[in-house]
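Read top to bottom, the protein sequences are chains Y and H.
Sequential numbering from 138 applies to the first sequence in the numbering used here.
Sequential numbering from 138 applies to the second sequence in the numbering used here.
By construction, these hints were calculated from the structure, which means they are not laboratory data.
Note that the coordinates shown come from a computational prediction; the quantities given were computed from them, not determined experimentally.
Please note that a few of the clues may not be correct.
One copy or any two copies: either way a pair holds, since identical chains are not told apart in the list.
Unchecked claim - Only pairs whose alpha carbons sit at most 25 Å apart, straight line, appear in this in silico SDA-like list of lysine to any residue:
#1 Lys-310 x Gln-289
#2 Lys-303 x Gly-376
#3 Lys-279 x Leu-321
#4 Lys-164 x Ala-150
#5 Lys-163 x Glu-152
#6 Lys-194 x Asp-166
#7 Lys-208 x Leu-321
#8 Lys-193 x Ile-367
#9 Lys-140 x Asn-330
#10 Lys-303 x Pro-191
#11 Lys-366 x Ser-301
#12 Lys-279 x Tyr-318
#13 Lys-194 x Gln-363
#14 Lys-193 x Glu-242
#15 Lys-302 x Glu-242
#16 Lys-163 x Arg-333
#17 Lys-279 x Asp-306
#18 Lys-163 x Ala-150
#19 Lys-279 x Asn-235
There are 2 protein chains.
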Amino acid sequence: MNKLYVVGIGPGAYEKMTIEAVEALKKSDVIIGYTVYVDLVREHFPEKVFLSTPMKKEVDRCVLAFEEAEKGRTVSMICSGDAGVYGMSGLMYEVGVNHPEVELEIIPGVTAATGGAAVLGAPLIHDFCLISLSDLLTPWEKIEARLLGASQADFVICLYNPSSKKRYDYLEKACDLMLRYKALDTVCGIVGNIGREGEEMKVMTLKELRDTKVDMFTTVFIGNSQTRKINGKMVTPRGYRNV
Amino acid sequence: MNKLYVVGIGPGAYEKMTIEAVEALKKSDVIIGYTVYVDLVREHFPEKVFLSTPMKKEVDRCVLAFEEAEKGRTVSMICSGDAGVYGMSGLMYEVGVNHPEVELEIIPGVTAATGGAAVLGAPLIHDFCLISLSDLLTPWEKIEARLLGASQADFVICLYNPSSKKRYDYLEKACDLMLRYKALDTVCGIVGNIGREGEEMKVMTLKELRDTKVDMFTTVFIGNSQTRKINGKMVTPRGYRNV
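When you get a sec, could you build the whole thing from the sequences and use the hints?
Written out as structure tokens, the structure is:
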């Protein structure tokens with residue numbers, strides 16, 4: 138059976154890839170991905186064939202990967218972060234129904250939530266939710282219900298895709314929803330360009346976050362009622378009892 | 138400043154560690170961790186000094202790490218999975234307040250949620266929550282509120298610490314709570330011993346999960362309303378609209 142790897146390459150820096158991910162890319166004849174991610178790994182594997190399709194052409198990219206594998210080549214489809222967190226592994230299984238002779242192997246990686254948490258301190262130590270603010274494929278009412286439900290149950294919340302040109306006010310809208318249950322002084326943090334050139338982090342209150350503009354390369358963290366600022370870092374304790 | 142690394146070693150297999158984690162361990166004079174995790178890495182770094190403390194002695198383990206760093210040694214505190222997801226990085230910042238001359242660096246890793254997801258297929262593609270069923274440090278009422286809130290808002294849910302000898306019926310209790318909002322035929326999955334000897338996975342319905350006994354080395358996944366079984370794998374689509 139032809140092998141097709143779906144590889145999470147981590148937040149960006151080569152050294153944040155797993156050994157297993159590096160081995161999969163080494164074994165591959167062809168590496169396929171969105172242009173930005175292809176550029177991140179190309180320099181480390183100069184001898185490989187790289188193929189890419191633009192954003193929003195994800196189905197085409199998956200079909201391309203299966204077609205290359207059907208030619209007998211070993212193929213890696215790469216994703217930033219983890220292949221299974223807002224990544225391509227789901228669509229690969231869906232498209233794979235039409236390509237039963239190709240076997241998928243998913244190689245997990247460090248996603249922006251855990252990569253960003255390491256930069257901020259330790260915001261995700263206790264129960265947390267990941268919510269994407271992109272309403273391209275999800276109705277806004279669903280996103281709203283999740284922001285409210287997660288806030289009411291005192292989850293730490295990590296937001297992916299917090300902003301874009303069209304969705305310039307979504308973070309503000311999300312903060313207003315979370316503020317129905319979370320306090321104004323809830324400890325929050327933002328991390329930009331995790332593991333890449335220009336990495337930056339900032340710890341602030343939820344009130345300040347509401348009035349902060351972020352770009353699409355930023356991951357946003359909202360603490361639970363126990364999250365504290367310790368020496369400039371965002372830290373959530375392990376529980377609700379004294380340790 | 139003395140450097141103290143807090144390193145997520147991933148789910149267990151050496152090749153699931155990041156390059157950065159391997160480099161941190163190579164640079165270290167002393168590697169500290171819970172006995173089980175120390176045994177997982179010892180064979181790959183036979184020349185290092187290993188120190189460990191038993192379970193439930195986490196604060197002692199943190200103090201030990203800072204004391205070793207204060208002696209001028211380079212130290213790594215290791216955690217399974219990611220250091221920042223139910224890991225030691227939070228407690229290290231808390232204990233670190235008394236050791237201002239030691240600088241912490243958190244090295245993220247692949248947590249059981251994403252490592253297990255890769256084995257099951259692609260369950261975490263869309264918004265999800267991590268909830269620990271351990272009520273050692275968290276009141277059960279809080280866990281209950283989170284299970285209900287996450288189910289009502291149609292999150293994919295990943296359960297850590299689903300069971301123990303004392304908490305043998307907690308998974309059943311959790312399923313009964315989730316069933317207030319999730320359908321009996323919701324697609325679920327369990328993964329045992331992720332990336333270790335004896336790795337196993339099973340896809341089933343929420344009704345079946347309720348009557349399944351799991352051990353403490355199992356990670357449990359409950360789908361959202363869109364999650365499907367595709368060729369034996371658990372797959373959540375990217376959204377609620379046709380792609």
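Here's how the hints hold up against the structure:
1. Lys-310 x Gln-289: both (16 Å within a copy, 21 Å between copies)
2. Lys-303 x Gly-376: The answer is between: 19 Å across copies meets 25 Å, while 38 Å in one copy does not.
3. Lys-279 x Leu-321: For Lys-279 and Leu-321, the Cα distance is within 25 Å both inside one copy (24 Å) and across copies (21 Å).
4. Lys-164 x Ala-150: Both: 20 Å inside a copy, 19 Å across copies.
5. Lys-163 x Glu-152: For Lys-163 and Glu-152, the Cα distance is within 25 Å both inside one copy (15 Å) and across copies (14 Å).
6. Lys-194 x Asp-166: within (22 Å within a copy, 48 Å between copies)
7. Lys-208 x Leu-321: Answer is neither; intra-copy 57 Å and inter-copy 42 Å both fail.
8. Lys-193 x Ile-367: between (41 Å within a copy, 23 Å between copies)
9. Lys-140 x Asn-330: Between. Shortest inter-copy distance 24 Å satisfies the 25 Å Cα cut-off; intra-copy 32 Å does not.
10. Lys-303 x Pro-191: Answer is within: at 19 Å inside a copy they meet the 25 Å cutoff, but 52 Å across does not.
11. Lys-366 x Ser-301: neither (28 Å within a copy, 33 Å between copies)
12. Lys-279 x Tyr-318: both (18 Å within a copy, 15 Å between copies)
13. Lys-194 x Gln-363: So Lys-194 and Gln-363 pass the 25 Å test across copies only (22 Å; inside, 42 Å).
14. Lys-193 x Glu-242: Close inside one copy (23 Å), not across copies (36 Å); limit 25 Å.
15. Lys-302 x Glu-242: neither (35 Å within a copy, 34 Å between copies)
16. Lys-163 x Arg-333: So Lys-163 and Arg-333 pass the 25 Å test inside a copy (22 Å) and across (23 Å) alike.
17. Lys-279 x Asp-306: Within one copy, since 17 Å is at most 25 Å while 32 Å is not.
18. Lys-163 x Ala-150: both (17 Å within a copy, 19 Å between copies)
19. Lys-279 x Asn-235: Neither: 31 Å inside a copy, 44 Å across copies.
This entry does not satisfy hints 7, 11, 15, 19, going by the numbered hints stated previously.
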